[in-house]
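**Q** Chains A and B, in that order, are what the protein sequence lines are.
Okay, so the first sequence: first residue is 1 according to the numbering used here, each after it adds one.
Okay, so the second sequence: first residue is 143 according to the numbering used here, each after it adds one.
Be careful, since some hints might not be right.
Subject to a maximum C-alpha distance of 30 Å in a straight line, what follows is the list of computed DSS-like cross-link-like pairs (lysine-lysine) [said to hold, decoys possible]:
no.	chain 1	residue 1	chain 2	residue 2
1	A	K142	B	K397
2	B	K303	B	K385
3	A	K142	B	K385
Here are the in silico distance ranges between beta carbons for each label pair [stated by the list, open to error]:
no.	chain 1	residue 1	chain 2	residue 2	range
4	A	A131	B	K370	48 to 58 Å
5	B	S215	A	P102	50 to 60 Å
6	B	A389	A	S114	24 to 34 Å
7	A	P57	B	G213	38 to 48 Å
8	B	T171	A	P102	22 to 32 Å
In case anyone wonders, no lab produced these hints; they're calculated from the structure.
Every value quoted in this text rests on a predicted model; they were computed, and no experiment measured them.
Ideal placement from N, C-alpha and C gives every residue a C-beta, glycine not left out.
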Amino acid sequence: MKRLLLTLVCALFTAAALHAASDGEVAARRTALDIAGAFTNDGFKLRDGSWAGNFAPGKPKLLQVNLYAGNQYWFTLGATPPAKKVLITIFDETGKAVESDPFQDTSVAAAGFSPQNSGTFFIKVEIVDGAAADFCLVYSYK
Amino acid sequence: MIWKLRPLAGRLAFVCLCASAAAAVAPLTPEEMSAAARIDGLSIPMPGEFMASLNKLGKLDWTKKFRIPIGTSYTSRPQMALNLGGLIADGYIAIEAEDSQQVKNIGRDVLTLSTALGVSKDVQARGGSIIGFAEHSQWDQLKEELEATQNEVKQSMTEAKDQDLVTLVTVGGWLRGMEVISGHIAAHYTETGGKLLRQPGIINFLNQRLEQLPDKIKDDASVKTVKKKMTDLEKLIAFPLDKAPTADEVKELNKLTADAVKEISKKQK
Chain A
1 MKRLLLTLVC ALFTAAALHA ASDGEVAARR TALDIAGAFT NDGFKLRDGS WAGNFAPGKP
61 KLLQVNLYAG NQYWFTLGAT PPAKKVLITI FDETGKAVES DPFQDTSVAA AGFSPQNSGT
121 FFIKVEIVDG AAADFCLVYS YK
Chain B
143 MIWKLRPLAG RLAFVCLCAS AAAAVAPLTP EEMSAAARID GLSIPMPGEF MASLNKLGKL
203 DWTKKFRIPI GTSYTSRPQM ALNLGGLIAD GYIAIEAEDS QQVKNIGRDV LTLSTALGVS
263 KDVQARGGSI IGFAEHSQWD QLKEELEATQ NEVKQSMTEA KDQDLVTLVT VGGWLRGMEV
323 ISGHIAAHYT ETGGKLLRQP GIINFLNQRL EQLPDKIKDD ASVKTVKKKM TDLEKLIAFP
383 LDKAPTADEV KELNKLTADA VKEISKKQK
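Kindly produce the complete structure, drawing on both the sequences and the hints.
**A** See the structure below:
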């Protein structure tokens, strides 16, 4: 518990320092970290970095990442309340959606994934229901 | 019996649901993929992530991956940044090896180079935490602290309008990680291991960043070496998805990365 708290405090502190994040982005990050913290209890390491910004219904955002075969990953998305339901979809380098374990709860979503091959993947974040909001994506691996 | 099978049936239904959901999603267009955000903090994996995947191929003696300590008294700032990245990768190796003394030594070298580069006092405080965690063998916390330190170094550089040095820290760390991992895979070659080295997105991203550096930085001898080696590396790392590199190709990749790391750690005349 102490470790989790330390991680969350460090992540929040670093996040605040990384760029002049808006209040909404900080709130979205806090929401994402609440869920991502649960994965750290299961041995997942939380990346210190995060991807934050704002998105609107019908205007998803896409992030490129590099994942390694053999590792397990959880991508966690937090958004501010105007977004009532958000979604994460993972695509391979050919642009095809891959199967992932979904988790969804109002303005939070997560997707678990274990790639068969190392390489480039794309993480799409979008609002399924609600209005434009701030978001923050973090990821954990083991 | 039915009750025993219920969880299995539930799981199967869940997997089918996921599979059908994935199949129903429209694929991304090439334009969407090329416009995707690429950020240093998440698009580039940390060495620890790469090492975690390697650990799954079998038990490794990480202490054999240590290198002779590099100097910390460089006069060129680009070279300092490249070596700072390499040292952070060394930190991950020492953590994997669970060697407290090595972590402390590397932590001190990271501090020395960070100070020479003029990073903020916050980063120096992080260095103190690394040494503290190492003394108490808190390996998981150390991995988090090391990544946080690297991010703070980069943030401090960005604030000091040294954004170009951020690229070099990333490149230096990636090269050192790749040197160690390709060396291990070359020595214990399997196709599965070889496939781990496939990182087309990263090398392309880093090469684009290197190309965008100002001429003054590109003229630095260490940066010139790195740029040349990184261009050669792209051909070896961006192999097709369904093909593993041969043992000889892995050896060539390892030689290129090892040469690059050696060159950037040499003092310039």
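**Q** Now tell me, hint by hint, if it's right for this structure.
**A** Results for each hint:
Restraint check: the Cα-Cα separation between K142(A) and K397(B) comes to about 29 Å, which is no more than 30 Å; the hinted pair holds. Restraint check: the Cα-Cα separation between K303(B) and K385(B) comes to about 42 Å, which exceeds 30 Å; the hinted pair is violated. Restraint check for K142(A) and K385(B): satisfied, since their Cα atoms lie roughly 25 Å apart, inside the 30 Å limit. For A131(A) paired with K370(B), a C-beta distance near 50 Å keeps the hint of 48 to 58 Å intact.
Roughly 52 Å separates the CB atoms of S215(B) and P102(A), a value that falls within the hinted 50 to 60 Å. Taken as a hint, the range 24 to 34 Å holds for the pair A389(B) and S114(A), whose Cβ atoms sit roughly 26 Å apart. For P57(A) and G213(B), the hinted distance range of 38 to 48 Å is not satisfied, since their beta carbons lie about 55 Å from each other. Roughly 23 Å separates the CB atoms of T171(B) and P102(A), a value that falls within the hinted 22 to 32 Å.
This entry does not satisfy hints 2 and 7, going by the numbered hints stated previously.
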